[in-house]
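**Student:** For the record, the sequence lines run as chains B and Y.
Using my numbering, read the first sequence as starting at 33 and increasing by one per residue.
Using my numbering, read the second sequence as starting at 730 and increasing by one per residue.
Derived from the structure by calculation, the hints contain no laboratory data.
Hints are all accurate, no fakes.
Calculated lysine to aspartate or glutamate pairs in the EDC-like style (CA-CA distance at most 16 Å, straight line):
no., chain 1, residue 1, chain 2, residue 2
1, B, 66, Y, 1286
2, B, 261, B, 196
3, B, 146, Y, 1323
4, B, 330, Y, 1234
5, Y, 1319, Y, 1329
6, B, 349, B, 244
7, B, 219, B, 239
8, B, 359, B, 244
9, B, 349, B, 214
10, B, 215, B, 342
11, Y, 1275, B, 57
12, B, 150, Y, 1320
13, B, 301, B, 334
14, B, 304, B, 105
15, B, 305, B, 334
16, B, 301, B, 311
17, Y, 921, Y, 896
18, B, 150, Y, 1323
19, B, 99, Y, 1246
20, B, 146, B, 70
21, B, 301, B, 315
22, B, 256, B, 334
23, B, 223, Y, 1017
24, B, 215, B, 239
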Amino acid sequence: MSTFFLIAIFLLGFLVTFQIAKASEYVGILKGEKKNFEQNNRINGFLLLAFLVFGLLGVYWCNEALKGRILGEAASEHGQNIDRMLYITIAVTGVVFVITQILLFWFAFKYQYKETRKVYFFSHDNKLELIWTVVPAIALSVLVGFGLYYWLGITGDAPKGALEVEITGKQFAWIYRYPGDDKIFGKKYYKNISDAEDNSLGILWDDKSSQDDIVNEQAMYLVKNRPVKLIIGARDVIHDVGLSHFRMKMDAVPGTPTTMWFTPLYTTKEMKKMTNNPDFVYEISCDQMCGKGHFSMKGLIEVVTQEEYDLWMARQKPKYLAVFPDKDPANAKKDSTVATAAAVDTLKMAASK
Amino acid sequence: MSNEAILQKPADAVVTHGDHREGNGHSEHHHKETFISKYVFSMDHKMIAKQFLITGIIWAIIGGLFSVLFRLQLGYPNDSFPILETLLGKWAKGGKIQPEFYYALVTMHGTVLVFFVLTAGLSGTFANFLIPLQIGARDMASPFMNMLSYWFFWAASVVMISSLFVETGPASGGWTSYPPLSALGGASEGSKTGMDLWLISMALFVVSSLLGGLNYISTILNMRTKGMSMTRVPLTIWALFFTAVLGVLSFPVLLSGFILLLFDRHGGTSFYLSDIYLASTQQALPNEGGSAILYQHLFWFLGHPEVYIILLPAMGMVSEIMSVNSRKPIFGYMAMIGSLFAITILAFLVWAHHMFVSGLNPFLGSVFVLLTLLIAVPSAIKVFNWLTTLWRGNIRFTPAMLFSIGFVSLFISGGLTGIFLGNSTLDIHLHDTYFVVAHFHIVMGVASFFGLFAGVYHWFPKMYGRYLNNTMAYLHFWVTLIGAYLIFWPMHYEGLAGMPRRYMDFSQWVSFNQFGDLNRFISIVSIIVFAVQLLFVFNFFYSIFKGRRVTTSNPWDSNTLEWTTPIRPGHGNWPGEIPEVHRWPYDYGKDGREFIPQTEPVGAQETAH
Ligand code: HEM
Ligand SMILES: [Cu+2]
Ligand SMILES: [Cu+2]
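Let's have the full structure, built from the sequences with the hints guiding it.
**Tutor:** Next up, the structure:
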């Protein structure tokens, strides 16, 4: 109902506008073309000036209204550098923005048609043109300089001793893997992937180093102040590990692993306090179009202290043991009935296929 | 200039070109001109231009309507609109837009506006209309190819439209259609038949654009009238020339990328595919060794030049219109050409700035940072030259002039955010967020639309012999300018917060749900702005038939050649001889004279410029 109401209003608006537009065309003809033109010109000249003034006020107002909702404290060292670069760029471009917009609308207003005005025949001026080639070039070189300095730092090698975590995207969730005590990720091959057999990454269980790997689909745990290197992959289509609080981002490409490293600076708990938001979590947003569930492809990161991390790690069970419960020393003690043994056998057979 | 030698040839070519040279133009139309040959399979560049324009307008309405639909979803993610179910059936079950359909809408919106409206609708219209008229030619080098160019575009349109009606829906992987998503029907409904139709349509489109482009280039190089050296052609022509060069050199690369994608889809090849397991079929695919990133290189090798293909014609028309309405020469004509040239060259060398976080080698990334930010230099030159053109002019705010001023304002705003994105350090955070959406809509989408509108308002009298209604035009301008800023300015802030693009609902995200009210505001403004575009469309069609008649052949007191033709020029443009040109097109306000048409010989006492 209200839809039709709205459409009716639009139609009415159209009709009224059209009538006014027709009428003013006739009035214009009656008044004489010249007078009509001069009047329109004055009105539009004034409006351009008004647009400049209210536009700049609007920019200021928009900034005041929204600044609390963007860019909380950057939660990684790289993020702080990126924010610094951002502020430098905002300052430089902001100055250019204000000056050029003012010149544009002010000139338009000031030099609007006057019958008596003589235009200044000014077709070129090499010196002026040289200035506005060289000055932007210098300003841009400065920005490039800063930018590349940070960029090479951010994309350089991760420090030794960084925590290594593997993250794999699939439609529409994230899978995390830790290398376990041996600090080596077990081999995997995509043709071994099988959701039915609980091998979402296609890990080769024959590889010894895979047997202590920890696979988890709930959350990625990271340690405060400890650099972390993510090894990023995808199972099906391109995804992207987007970490807006850390200001980091990297595509997850099937067939071509990528990496990224950073150092978290605040635990999740600290961020809850700093942002005054008890619901705060570090979210991983998928930032590359990956299908119909793209907008809901969320991952979680918990940043904790080293002690909390150690506690959490101690509670994790290698995936291998979950897939082959009979290999689990904790289970071996218990009496295994014939039935479970048989079940395990079938599982094993399936896995070795 | 050494051009004089070259110029002899085209003059001859024109003679052989038509019997139009003799006699008066009007009496010649009757030679076997039927409705079909005049309005449908026309070979008159002016008619073909109108065909492109009107097809473009229809596409713009469709593409705009798509955006209204998905803005409804973004503004009101938790409401349902029963009317949508009535109209769209299963795509809006229960009055809520379904995810597959949302992504199909976004994809079609992007494809249609980038390619069908702002490439075909813009270049197709103004290159066809203005090149022969402004360089003094009777028609294009090959009117037949020109006609084919339109009809290939038409075929592309039909295929694209039909993809909207297939069972599994149209393509839905974004206008960039990255594989593997776009390669695998098992990964998305839209990657089934819809994607094939999308690829076929785009292939037809590439053919259309190549036929057109080659024609524009050869016409500009070979068919200029006597005296029209390359340093005397209006900047519109220079811009259209570089646009055509960009298209001719980059569209084939896109086509090759699409063909490889078709092979991967149906031929079992592995150009883009490797290591893929599809959950929908619980199967690992046999493909190994391909690179998904290869497609992105091929796509953006066109994709970046494409944004300039869209922008340059607007820049050219704005330069021309600004000079005419400031009653003052364009400032730095040679610098304007030089910067167009620089932009054209650099446009081929920056494509990987769309791929900074795709796993690109960081060193390669830094090279692309340097080249990308270099592009800002010629852009800056253009802005300052436009500003200086206004300075000490005597400005008439015709609707075309207002849209030109709006264009410069938008180009500044959007160009400056390019400096953020071109800096790879910042792009890590801003890539694929609403900041990018804001950037390219302002600098490419809205700005080029402003160029298009400026062109239509300025040359409508030449096209149809009537004026558009001024009141509606002013309303159109002001609502569009204010609306565009209200829609896209706040999106920068959303992007700074990391809010990802191509999300249909943010309410489940702790990090991004703070913008619910802002999204609603943006949606409301976009609906209003869309309605005002319909007002323009109405004005356009109404004025074709009922607009105020043009009574003088040169209504804007302009120097260029198109205004030396009759008010309603026939096929062949000039009833008699093609006029000879004696000067550049920007002698406004020279030696105390309002304007001096290009056809006027240089006087003995005249000062040089
Ligand atoms: C000062 C000059 C410019 C620079 C430095 C620049 C830089 C960039 C960069 C780095 C991106 C990629 C952002 C990302 O995806 O993370 C981008 C996106 C884009 N730019 Fe620009 N740009 C400039 C001017 C323009 C112009 C003049 C146009 C169009 C006429 C344009 C149209 C686009 C479009 C359409 C996209 C988005 C494509 C997509 O991902 O869908 N840019 N720009
Ligand atoms: Cu995604
Ligand atoms: Cu680009």
